[in-house]
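Visitor: Residue-level listing of the chains:
Number of protein chains: 2
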Amino acid sequence: MTKRFDFQIAATDGKARTGTIKMLRGEIRTPAFMPVGTAATVKAMRPAEVSATGADIILGNTYHLMLRPGAERVAKLGGLHAFSGWDRPILTDSGGYQVMSLSALRKITEEGVSFQSHLDGSRHMLSPERSMEIQRLLGSDIVMAFDECPANGVSRDEAAKSMALSMRWAKRSREGFDSGTEHASRAALFGIQQGSLDEALRRESADALIDIGFDGYAVGGLAVGEGQEAMFGVLDYAPGMLPADRPRYLMGVGKPDDLVGAVERGIDMFDCVLPTRSGRNGQAFTWQGPVNIRNARHAEDTGPLDPDCDCPVCSTWSRAYLHHLIRSKEILGAMLMTQHNLHFYQSLMAAMRDAIAAGGFAAFARDFRSRYLR
Amino acid sequence: MTKRFDFQIAATDGKARTGTIKMLRGEIRTPAFMPVGTAATVKAMRPAEVSATGADIILGNTYHLMLRPGAERVAKLGGLHAFSGWDRPILTDSGGYQVMSLSALRKITEEGVSFQSHLDGSRHMLSPERSMEIQRLLGSDIVMAFDECPANGVSRDEAAKSMALSMRWAKRSREGFDSGTEHASRAALFGIQQGSLDEALRRESADALIDIGFDGYAVGGLAVGEGQEAMFGVLDYAPGMLPADRPRYLMGVGKPDDLVGAVERGIDMFDCVLPTRSGRNGQAFTWQGPVNIRNARHAEDTGPLDPDCDCPVCSTWSRAYLHHLIRSKEILGAMLMTQHNLHFYQSLMAAMRDAIAAGGFAAFARDFRSRYLR
Chain D
1 MTKRFDFQIA ATDGKARTGT IKMLRGEIRT PAFMPVGTAA TVKAMRPAEV SATGADIILG
61 NTYHLMLRPG AERVAKLGGL HAFSGWDRPI LTDSGGYQVM SLSALRKITE EGVSFQSHLD
121 GSRHMLSPER SMEIQRLLGS DIVMAFDECP ANGVSRDEAA KSMALSMRWA KRSREGFDSG
181 TEHASRAALF GIQQGSLDEA LRRESADALI DIGFDGYAVG GLAVGEGQEA MFGVLDYAPG
241 MLPADRPRYL MGVGKPDDLV GAVERGIDMF DCVLPTRSGR NGQAFTWQGP VNIRNARHAE
301 DTGPLDPDCD CPVCSTWSRA YLHHLIRSKE ILGAMLMTQH NLHFYQSLMA AMRDAIAAGG
361 FAAFARDFRS RYLR
Chain F
1 MTKRFDFQIA ATDGKARTGT IKMLRGEIRT PAFMPVGTAA TVKAMRPAEV SATGADIILG
61 NTYHLMLRPG AERVAKLGGL HAFSGWDRPI LTDSGGYQVM SLSALRKITE EGVSFQSHLD
121 GSRHMLSPER SMEIQRLLGS DIVMAFDECP ANGVSRDEAA KSMALSMRWA KRSREGFDSG
181 TEHASRAALF GIQQGSLDEA LRRESADALI DIGFDGYAVG GLAVGEGQEA MFGVLDYAPG
241 MLPADRPRYL MGVGKPDDLV GAVERGIDMF DCVLPTRSGR NGQAFTWQGP VNIRNARHAE
301 DTGPLDPDCD CPVCSTWSRA YLHHLIRSKE ILGAMLMTQH NLHFYQSLMA AMRDAIAAGG
361 FAAFARDFRS RYLR
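Chains D and F, in that order, are what the protein sequence lines are. Just so you know, UniProt numbering puts 150 at position 150 of the first sequence, and the rest follows in order with no gaps. Just so you know, UniProt numbering puts 292 at position 292 of the second sequence, and the rest follows in order with no gaps.
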């Protein structure tokens, strides 16, 4: 019988690791990139198309789904998997990050966050207990603890207070998750390390989380504007504070070179809107670096987006056609750019997994940067 | 060797006919519905997805394509087929209808129409010769003669003058088309009957076109706001004025019940933006009639859009999910609604072809109306 959650590391290379998470709804090859499916859809992609890019798991947003169509409604409709037609693992965030970045009139107390919906102004409450309940109603496979993500540049005192609150919420998240017995027997719960850019706070947060005990651990509070150098600075020590035998998930990251640098520092999982959102806006990711397809120099270019890419978009359509579609605001432009970008991201993850397995990650990373960051 | 253009009628039932048009790029089963691919894409659909709905041919718009990306540019990029990835027949309209409905500051003379682009205000000229040249540059398989389409409700005198101008332009279109020797050896040219709602003018127009000689004949100037009853009134006599051994194409039509009534009156080909445009706006076509998926009553409906439809959308997703996607303005909503609607339209055409072949078209039409027009 397949276990609820089983992480096996197949190979390590320096701090980089490759392995497999086995869950009841399928296997997740790590390092893994999770496309973001905010509102029960990876934008402009059918589930089978997402799967064909190589994605093993997608992310759903608690904040958006609780507001529309509503967690109780999704549960009534059979859960997020049946609703959306994606039958493999789904990780849901806790809503903690987006309630801070998207909602209005929010008020944080020890209990949780009360806020007004950005859609219709209706009032809602998110707390560790309600976040666990919502993620259970959605039928999430990997549930994230409810936390507070402080803005970039807060004082050490504010960062410390916020982290301490997140750790108390982590404990309540664990209890809330465990109280949903049936769901807890099928799903996993991840804790989230906070502490901004402060090593001592990161250590304190890691210790608090380990004390509670989670299936996996996220590095939270990064990719909020601190820049790659500062982020890598934290990643030089933060992953090592988390249990080596558990997956480590860097939330909301990132650019292709962010992913390579983070894997190099021991990260196993990622999510980011970049390949999907940028794709819709005309930015393609290629092995030769980013390409803005709106640029006039592509208007008569019969070559593919990326000559080194074997995705259906690159084997069928020209830069000229994609340029035309994006310039004309055609939906097909968003579809094809998203498809290519997700394919590129998954190819990058696969290449990293292969390089780690072969013990050649450093050479891979060097070669990647020499082509991508020209 | 396959012929340039060969229309064979396999069966007739009353005035209704079913058959096949053979062209170098593929066969077109008639009665045929052509999805509209305005700007070198059937909106929200990949070519293979359009093909999978059962479409044998799509339509491209000369007006849009001449403005963006430009006919000369499309030619440079290998023509519309290579550019868009659709390798089966394409019919292009002449630009005559849309220059009247979309452009600004237009001026009609005997020579043609000068106008300002709705995109950037640039000035352009369309004439029979230029329209033929553009359709040749696009690499069209079925080229439409350049005509003027008068508005609904014009006087008989205006209708007569406009029709006479269109017939002079039809002659110049024929000459322009024939002058492109290589393209003319691969493509077909259709004439367009005008004459508004006047039987004598329709007769005069048909005679003028037959005198020039075309591969197929369109009934133009309908679906401009005259209503179904008036349209059917014209279709009671107009198709019979056109050669029985040539395909008859009703331009810009229509609703499912329009298609059934027009096939009943001897029409072989159709195009319309309705299944694609309405789909993006949340209207589905089903065997039980139109469904507005935005309606709150679908919010928790786990049933398919159409229980009698075997398309991938109806076999995978619920009305509740489509309701959520369309309400949330998700691109996937436009993709799935378009896919279902085009599948429905093609299934309707296939059912009509089968009914005609079996000699049961009257019963089919009666049964269709009893379910669709409840």
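No wet-lab data here; the hints were simulated from the structure. Every residue, glycine too, gets a C-beta built ideally from N, C-alpha and C. The reader is advised that the hints may include incorrect statements.
To be verified - Each pair of labels, with its calculated beta carbon distance range:
| id | chain 1 | residue 1 | chain 2 | residue 2 | range |
| --- | --- | --- | --- | --- | --- |
| 1 | F | GLY360 | D | LYS3 | 51 to 61 Å |
| 2 | F | SER370 | D | SER51 | 53 to 63 Å |
| 3 | D | LEU105 | F | PRO290 | 35 to 45 Å |
Visitor: For each hint, tell me whether it holds in the structure or not.
Guide: Verification of the hints:
The hint said 51 to 61 Å for the Cβ distance between F:GLY360 and D:LYS3, and at roughly 59 Å that hint holds. With their beta carbons about 42 Å apart, F:SER370 and D:SER51 fall outside the hinted range of 53 to 63 Å. The supplied range of 35 to 45 Å is met by D:LEU105 and F:PRO290, whose beta-carbon atoms lie about 41 Å from each other.
Of the numbered hints listed earlier, the single one contradicted by the structure is hint 2.
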